[in-house]
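Protein chains: 2
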Amino acid sequence: MKKPSLPRGTRDFSPDTMVKRNYILSTIQAVFENYGYQPLETPALENLNILSGNYGEENDKLLFKILDSGDFLAKVKENPRNFDYRSLTPKISEKGLRYDLTVPFARYVVMNQHDITFPFKRYQIQPVWRADRPQKGRYREFYQCDADIIGTKSLICEAELVRLVEDVFDKLNIQVNIKINSRKILEGIAASLGAEGKEQAFFIAIDKLEKIGEKKVLYELEIAGFNKTSLEKVEEILSITGSNSEKISYLKALLGDIQIANDGLQEIKEVISLSSQLGSSHNYLEFDITLARGLSYYTGVIFEVKAEGVTIGSIGGGGRYDNLTGVFGLEGVSGVGFSFGVDRIFDVMTEMNLLSDSGISITRVLITSFDAELQNHGFVLLNKLRNAGIPSEIFPDVIKLKKQLNYANKKGIPFVVIIGQDEVKKGVYTLKNMISGEQIEADLDALMQAVK
Amino acid sequence: MKKPSLPRGTRDFSPDTMVKRNYILSTIQAVFENYGYQPLETPALENLNILSGNYGEENDKLLFKILDSGDFLAKVKENPRNFDYRSLTPKISEKGLRYDLTVPFARYVVMNQHDITFPFKRYQIQPVWRADRPQKGRYREFYQCDADIIGTKSLICEAELVRLVEDVFDKLNIQVNIKINSRKILEGIAASLGAEGKEQAFFIAIDKLEKIGEKKVLYELEIAGFNKTSLEKVEEILSITGSNSEKISYLKALLGDIQIANDGLQEIKEVISLSSQLGSSHNYLEFDITLARGLSYYTGVIFEVKAEGVTIGSIGGGGRYDNLTGVFGLEGVSGVGFSFGVDRIFDVMTEMNLLSDSGISITRVLITSFDAELQNHGFVLLNKLRNAGIPSEIFPDVIKLKKQLNYANKKGIPFVVIIGQDEVKKGVYTLKNMISGEQIEADLDALMQAVK
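Residue numbers (the working numbering), protein chains in the order written: chain Z, 35 to 486; chain A, 35 to 486.
Just so you know, the hints here were simulated from the structure itself, not pulled from any lab data. There's no promise every hint is true.
[Said to hold, decoys possible] Here are the simulated DSSO-like pairs of lysine-lysine, each with C-alpha atoms no more than 27 Å apart in a straight line: (1) Z:K187 <-> A:K418; (2) Z:K54 <-> Z:K187; (3) A:K232 <-> A:K170; (4) Z:K125 <-> A:K109; (5) A:K125 <-> Z:K37; (6) A:K436 <-> Z:K109; (7) A:K109 <-> Z:K37; (8) Z:K36 <-> Z:K54.
Could you put together the complete structure from these sequences and hints?
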């Protein structure tokens, strides 16, 4: 006998969880489609030379690698002991599991560039794998849920994504805060500090602000070689407050002579204005100069979303990239995307009691079974219910009615039909409402009406 | 620069393919739910000790194995050269990719046996991975689409699955032939041939009948040690014809003194009768004594489905198993399941022109852009269309109208809205039907009506 177990950091999704997750995913999917994004799926397996080198050295270690099929040692001519595992790996493993949906998307665009009509709007909802240390809320296999538009620099795309994000969370009934910033402004700040060549160090330090606090960020910048005058300027910039337009004005005055900062501020202004024209109420949108986002491929406007009233981290984020496909040989194609964190959204909704346990059963009606002959009457009703599109079951075994009712109860099936000799004689059904406990006699029409 | 490529045997599903696949999958899913099956998802990653030993030695070789993270050689104390790759594998790989949905289902049932209400009806639609030699119609990553009910021996379940299969293919407009048989009848035949202990060899030989023909099957049986009298009896059995009930009567006469064969024949009779009561027309159902199905875990009724009029193999199959969970320590739980072959169904429908290219675009309306000011009017309309649930896009860049029309055309977007100075003055929209080429002036109401 084998003891059944699951790999660490992986999960089964039981039916009650699935129904809730499907509600979240189908809400997002419907909004994606309503905004003109089209579905794409790429394989879980990708060649490792495609995956490696995109996520930074530390993250490359988190790629799951597939052992080559057959005699993988045949290709290793030397004594494997002469290798450390790092140099042996590429000789015995050529494929891995995708780490995100962005790199496969870039690969797809480059491979299909002659068939794709640009601008190309695609959404993709698939699992990804990361050999991270599992912990609460962090899994080794989890879904990503991305929308990207590639092949245009129009800021309408950023504005539409803001609107789309609002739309999704409105539909899910989650109050959110959407932070927006631009890598160009951050670059401008870095430039104003005389930190050319240290931009990435600056982004990474700023990105940690919320996690480690201002003091430690300033300390990290000091270590990275920023001087005292610079640090004072950083402190000043980090402390700005006010409305979005007040912040923009303030920073224009402060950084206006730096072209790239000016461009970034202008873009933020335009995205805010365009999203308003697209129907955004702007109750959610906050220009936040401390938003940096870790990923190195962002070059323009960046976003991040948090839920109000819970202490769960970011539930989505995205931004513009100017050269995602460059690594695969297609230069100069700009795009912008957003990714929803489905697991965290699920956690937020659970914590806020937004995923009710009622209505969990997809099945509406259970027909109980007394004996083989009465089952025939059950079958006739079953066909009628299913033909009317009302998900229904017949209990397959002839056991005590109490046990059959118990089955309906545990599964959350709201209606049970009882067909005994009496009912058959009278040409009616006994219909029990499992929620109210109410029990009525009904003919076919009344029954169909009641269970719809 | 990296040359973008895909691993052999894997595919991208582009938006036009996705729309068609989603149509097939959502049709099957809706029928599953209408019949009371509930969704389940299990992780792609499973421990290899769970996966191995279930599919036969040859198939175990087709498991994709994940290289352990970090220094996988640290655990190998001896010189790896002292191992062949077979004995090294378990030391450097503890996880693999699921090979089917049945074994993960059995693992799930055993791990959650105390929380599950039996009988448990679940469906599961997820990819599986097999390191098979890729060829036309055979992929290394493909979807399976399974429904199982576990925890009851009632033949109503078999009958319901027959009805469900008919229902799915009726909805997909595919003419099918559903073959049905019972492992018990085949065991009875084997017993009548004095072939106790050689049942598996008998099943495997019979299973190849269609592929290699009767002569070669008889030859294989001869090799396996069946004598001349036996072979003559096999020939006789394989050649029976007639209606389902004629075949059952004939075999009852021939095998009636063998208990297990009698049980099997009785079950087939009952499943046919029950499925008829469940609304089956039986135009599709054929009792076929030569159907064996390869998988070793089947113990009762088995099914297989083929499409009429195309030479594509089986597009679905299933059967009853009495001890699927036994390997994980839960004995005596009987179940029955069916699996749809989505890729083959896609191929059948493509070959029969059942997947029309029309209506491929999810987006209904493209709003064109002339200049930034006129775009504002476009935004207003865009919000109204989306709020009404009509998937719509605005072209993000101000480029030549012809190019924007070309975009709509290539993407199969059926309606284009043109908003110029004239239209704004008159308070109307120009609406172009991209299929008929017709162009009308419409106010908001007329436009909404036309594009719905």
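Hint check against the structure, violated hint numbers in rising order: Violated hints (numbers, rising): 2, 3, 6, 8; every other hint is consistent with the structure.
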